[in-house]
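Assemble the whole structure, with the sequences as input and the hints as a guide.
From first to last, the protein sequence lines stand for chains A and B.
Residue 191 in our numbering sits at position 191 of the first sequence, and the numbers go up by one each step.
Residue 113 in our numbering sits at position 113 of the second sequence, and the numbers go up by one each step.
Among the hints, a few may not be true.
Which copy? The list can't say, so a pair holds if one copy fits it or any two copies do.
Unchecked claim - Computed cross-link-like contacts, DSSO-like style, restricted to lysine-lysine with a CA-CA straight-line distance of at most 30 Å:
hint, residue 1, residue 2
1, K243, K91
2, K14, K93
3, K266, K66
4, K266, K158
5, K266, K243
6, K117, K91
7, K36, K159
8, K36, K266
9, K159, K145
10, K14, K117
11, K66, K117
12, K145, K66
13, K145, K20
Rather than coming from a laboratory, the hints here were simulated on the basis of the structure.
Protein chains: 2
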Amino acid sequence: VIIVGERINSTREKIREAIKARDASFILRETTGQLKSGADYIDVNCAVTGGDELRDIEWAINVIQKDLPDAGICIDSPNHLAIEQALAAYKGKGRLLINSITLGDSRISKILPLAIKYNTGLIALTMSEAGMPDTAEARRDIAWKIFEMVKRAGFDTKKLFFDPLIRPISTEPEQAREVLRSIPLIRELGASTICGLSNISFGLPNRHLINAVFLSMAYQMGLDAAILDPLDRSAMSALKTAKAVLGEDEYCAGYLQAYRAGFLVK
Amino acid sequence: VIIVGERINSTREKIREAIKARDASFILRETTGQLKSGADYIDVNCAVTGGDELRDIEWAINVIQKDLPDAGICIDSPNHLAIEQALAAYKGKGRLLINSITLGDSRISKILPLAIKYNTGLIALTMSEAGMPDTAEARRDIAWKIFEMVKRAGFDTKKLFFDPLIRPISTEPEQAREVLRSIPLIRELGASTICGLSNISFGLPNRHLINAVFLSMAYQMGLDAAILDPLDRSAMSALKTAKAVLGEDEYCAGYLQAYRAGFLVK
Numbered sequence: 001v002i003i004v005g006e007r008i009n010s011t012r013e014k015i016r017e018a019i020k021a022r023d024a025s026f027i028l029r030e031t032t033g034q035l036k037s038g039a040d041y042i043d044v045n046c047a048v049t050g051g052d053e054l055r056d057i058e059w060a061i062n063v064i065q066k067d068l069p070d071a072g073i074c075i076d077s078p079n080h081l082a083i084e085q086a087l088a089a090y091k092g093k094g095r096l097l098i099n100s101i102t103l104g105d106s107r108i109s110k111i112l113p114l115a116i117k118y119n120t121g122l123i124a125l126t127m128s129e130a131g132m133p134d135t136a137e138a139r140r141d142i143a144w145k146i147f148e149m150v151k152r153a154g155f156d157t158k159k160l161f162f163d164p165l166i167r168p169i170s171t172e173p174e175q176a177r178e179v180l181r182s183i184p185l186i187r188e189l190g191a192s193t194i195c196g197l198s199n200i201s202f203g204l205p206n207r208h209l210i211n212a213v214f215l216s217m218a219y220q221m222g223l224d225a226a227i228l229d230p231l232d233r234s235a236m237s238a239l240k241t242a243k244a245v246l247g248e249d250e251y252c253a254g255y256l257q258a259y260r261a262g263f264l265v266k
Numbered sequence: 001v002i003i004v005g006e007r008i009n010s011t012r013e014k015i016r017e018a019i020k021a022r023d024a025s026f027i028l029r030e031t032t033g034q035l036k037s038g039a040d041y042i043d044v045n046c047a048v049t050g051g052d053e054l055r056d057i058e059w060a061i062n063v064i065q066k067d068l069p070d071a072g073i074c075i076d077s078p079n080h081l082a083i084e085q086a087l088a089a090y091k092g093k094g095r096l097l098i099n100s101i102t103l104g105d106s107r108i109s110k111i112l113p114l115a116i117k118y119n120t121g122l123i124a125l126t127m128s129e130a131g132m133p134d135t136a137e138a139r140r141d142i143a144w145k146i147f148e149m150v151k152r153a154g155f156d157t158k159k160l161f162f163d164p165l166i167r168p169i170s171t172e173p174e175q176a177r178e179v180l181r182s183i184p185l186i187r188e189l190g191a192s193t194i195c196g197l198s199n200i201s202f203g204l205p206n207r208h209l210i211n212a213v214f215l216s217m218a219y220q221m222g223l224d225a226a227i228l229d230p231l232d233r234s235a236m237s238a239l240k241t242a243k244a245v246l247g248e249d250e251y252c253a254g255y256l257q258a259y260r261a262g263f264l265v266k
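The following block contains the structure:
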């Protein structure tokens, strides 16, 4: 599973403050911590600092690429101008991912040419102008429309990740099963799947347990990538264990290594 | 999920000693502890005490039914005479389960009439004279043969549980996936599925984590019953959480109750 580290997100107060204060060492610590814990991409979101998102994300990208030019970056913004600013600023050698597009959103025509020009991956939410779908099949149908649109535009669909949009089990208890069912349906289209993990447990206590159990199930269904906190040992332990359980960790070597490093939760 | 508590098993040294010493209070403590933790059946295995299994299992059944006449009992023996002895001794009001039969074993003709006479449930291992099958489909095919045989004999197939036989991921890394895939295949026959949990993690450290991740996956695949240690909070937490994640725990009430009781692992 490809790990997108979610920690550098301006919805977190400490990150918001670090961006406002131009505290480069804090951003770098958050980056290296996630990379060391197994992140393949570092999500960078500066959308809710209350400042100038374009300047903020350019600054954050520069901070990361200066010291860590190989780090993969996931550029996360609702604003296509901020995405463009970040892409233009990026001179590193890491892989890039854009987060995100949806169906029936004018941004798709703005972002798709950028993704092609800068040779990035692309996250598409299975959402349309009609809102969020309820069933696995409705998610697949939206994914299919986006898939065809993106393909016609000349984007390499191997770099397309669909997020079937988890909703909290506390308020919509039937939705997690639909998300899980949607994973193989979307993968049958020939695209990859990605999930933002933390929403599943919103409003409930002991969230790590819920996140870890859901992640084990999603992994079993074929999930390709997850947006999560790589410092959450519970989720990362579940992933490493799920890999061993499903016979994808030869001689359980990865599991045993994590155990010896004291990384696994009990 | 129906829980069969596995603790009263003569392969455990303390149980073996308690049986030999006729220590009724120890057996009762092990029974009440499992019932309080959510066991629906108490597995009773006296097969490897080195003594007289028929006398031993009769004693253990009598100990349990005297104080706890409503407890469900899972009579666990490779010896059909011990099973018969236990059934004849039982005067309680709990449900009964026999553990187990296999295909191509003369015991099936001995045990089936007992299961019908005493109106018990029946666990069948998906094993034949040719040994243990490797694929999900081979497990289903054996289950189907047993299903037909048992049905022809007049046994109520609603009370039939198939155990697809987990093997350790440390030695047979591809088998867990086959067991998981076999669950819906067997359920399509119209029978239930049961797994003995602990074998999955044999030979590896931090076994609770592996057991819990596997159990989350098996639950998702539709597992009907599990043979496990109900005092293993990690496995029980995974089950309660899996139930909430899949929308089978209204308002997450069971999850929240377990959380407030301090029962859930972090």
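Checked hints:
Taking the shortest Cα distances, K243 and K91 never come within 30 Å of each other, neither inside one copy (34 Å) nor across copies (47 Å). When the C-alpha separation of K14 and K93 is checked against a cutoff of 30 Å, the pair qualifies only within one copy, where the shortest distance is 28 Å, while the shortest distance between copies is 60 Å. In this assembly of identical chains, the alpha carbons of K266 and K66 never lie at most 30 Å apart, being 38 Å within a copy and 38 Å across copies at closest. In the homo-oligomer, the alpha carbons of K266 and K158 never lie at most 30 Å apart, since the shortest distance is 37 Å inside one protomer and 37 Å across protomers.
For the homomeric pair K266 and K243, the shortest alpha-carbon distances inside one copy (17 Å) and between copies (21 Å) are both at most 30 Å. In this assembly of identical chains, K117 and K91 lie within 30 Å of each other by CA distance solely inside one copy; the values are 14 Å within and 78 Å between copies. When the C-alpha separation of K36 and K159 is checked against a cutoff of 30 Å, the pair qualifies only within one copy, where the shortest distance is 24 Å, while the shortest distance between copies is 51 Å. Proximity of K36 and K266 under a CA criterion of 30 Å is satisfied in both settings, with 21 Å inside one chain copy and 23 Å between copies.
Taking identical chains as interchangeable, the C-alpha atoms of K159 and K145 lie at most 30 Å apart only when both belong to the same chain, with a minimum of 16 Å there against 46 Å between chains. For the homomeric pair K14 and K117, neither the shortest alpha-carbon distance inside one copy (33 Å) nor that between copies (69 Å) is at most 30 Å. Within a single copy, K66 and K117 get their C-alpha atoms as close as 22 Å, which meets the 30 Å cut-off; across copies the closest is 78 Å, which misses it. In the homo-oligomer, the alpha carbons of K145 and K66 never lie at most 30 Å apart, since the shortest distance is 39 Å inside one protomer and 66 Å across protomers.
In this assembly of identical chains, the alpha carbons of K145 and K20 never lie at most 30 Å apart, being 39 Å within a copy and 69 Å across copies at closest.
Of the hints listed earlier, those the structure fails to meet are numbers 1, 3, 4, 10, 12, 13, in rising order.
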